[in-house]
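Going line by line, the protein sequences match chains A and B.
Taken in order, the first sequence gives residues 22 to 173; the numbers are from this note's numbering.
Taken in order, the second sequence gives residues 43 to 259; the numbers are from this note's numbering.
Read the hints as simulated data drawn from the structure, not as lab findings.
Be aware that a few hints might be false.
Computed footprint of chain A on chain B; a stretch qualifies when at least three of its residues, placed anywhere within it, have a C-beta under 8 Å from a C-beta of chain A [unchecked claim]:
1) 97 to 111
2) 118 to 124
3) 197 to 210
4) 236 to 244
A short list of chain A residues far from chain B (calculated; beta carbon distances all over 10 Å) [claimed, not checked]:
5) R77
6) P82
7) Y157
8) S169
All C-beta atoms, glycine included, are put in the ideal place defined by N, C-alpha and C.
Next come the chains, spelled out residue by residue.
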Amino acid sequence: MVTFTLNGQERTFDGDPDTPLLWVIRDFEKLTGTKYGCGVAQCGACTVHLDGMPRRSCVTPIATIEGSEVVTIEGVSGTEADAVKTAWTGLDVPQCGYCQSGQIMSAVALLQMIPKPTDADIDGAMAGNICRCATYHRIRAAIHNAASSMEG
Amino acid sequence: MNWKFAITGVAALCLFVGAGTLLSPASVAQDAKTDTKTLKPAASFQSIANERERSVALFQEAGKVIQHPRCVNCHPATDRPLQGANMHPHQPPVFRGDGGMGLPGMQCTTCHSADNTPVVGQADTIKSIPGNPAWHLAPIEMAWAGKSLAQICQQIKDPARNGGKTMDEIVEHMAHDELVGWGWNPGAGREPVPGTQAEFGELISAWVKSGAACPAS
Ligand code: FES
Ligand code: FES
């Protein structure tokens, strides 16, 4: 039995300890905002926050997160998340949208660590989030907009 | 294990084939005359009477480990780690960052765990994500990629390029360091370095005791 916190609520999981966190989130907790793209840590679609840090949930066995705090796109909140949401809708960033919850979780984590990121900071933090629709230019602009909106 | 089949959004796989094509199959030309799976025991080098020649031979045998992709991939010559038996640049693109732990927002621990993690995704060339509690890049002054065994040998002996270690500390590091030891336990889908860490430690120890001579090339 694994006990963890999901979006602020204590949850338990009693299945196979090797089950990826992504499966627990989607198929057991029915939170389907977090996406499955590759299952091998190559695309970033499954990004969540694990104890405040971005983490690929597809390569995170549930047994390894005992006592940890997991935040998904459904639960992410705070100044950075609000700024990202406003910036994202302002620029209409998503195209098909499939990669976007992962993009947003990575962007929020970046802004929590670096409130005013440079292009290089954005490249560094976002390089693992692939967008099949190539919305990269709008993602970059939206992160800059979110950072500006948090100033002062 | 029915969760393995509970994949939703399988159609999404086709969205990300671009990522898959970056993962070319592992293949390196191996010298057919060299046994790449085992290490000769340190004691077997006693038959070499000349101490300097013995020392060089010991280091060359240890070099089968040191120059293996499992070791060199995280001793890159740039800030980007290498990956796989063919030592291609790491995908996704990740960079050194503070302490060799990655950049803010994309640290090693975004994907790597304390243990090797088998994957459930459908990738012919990725059977597991490697992991270790100490997972990180070697500092740039310890770069081995692209260097000859002779250059690496000199580098290992130079405190300015070996983390300030004495030769005794080098022996200890090679023989017992846990992240070094990962090379013998690299997880599914990756070839381990030859021999055992104990045999490797004995080769390094015997090399140091015989004067730590370096090969000419
Ligand atoms: S689904 Fe986890 S990185 Fe692609
Ligand atoms: S918006 Fe379509 S994959 Fe990114």
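Each hint, compared with the structure:
1. Three residues within the 8 Å Cβ limit are the bar, and the segment 97 to 111 of chain B against chain A gives 0, so the coverage statement is violated.
2. For the segment 118 to 124 of chain B, the proposed coverage by chain A is not satisfied: 0 residues have a C-beta within less than 8 Å of a C-beta in that chain, short of the threshold of three.
3. Closer than 8 Å: that is the beta-carbon criterion, and the segment 197 to 210 of chain B has 0 residues meeting it against chain A, so the requirement of 3 is violated.
4. With 0 residues having a beta carbon nearer than 8 Å to a beta carbon of chain A, the segment 236 to 244 of chain B misses the requirement of three or more and the stated coverage is violated.
5. Not every beta carbon of chain B lies more than 10 Å from that of R77 (chain A), the smallest distance being close to 5 Å; the non-interface claim is violated.
6. With a closest Cβ-Cβ approach of about 6 Å to chain B, P82 (chain A) is found to fall inside the 10 Å limit, against its non-interface label.
7. At roughly 13 Å, the least C-beta separation between Y157 (chain A) and chain B is larger than 10 Å, which holds for a residue marked as non-interface.
8. Against the 10 Å criterion, S169 (chain A) stays outside the reach of chain B, whose nearest CB is about 18 Å from its own CB.
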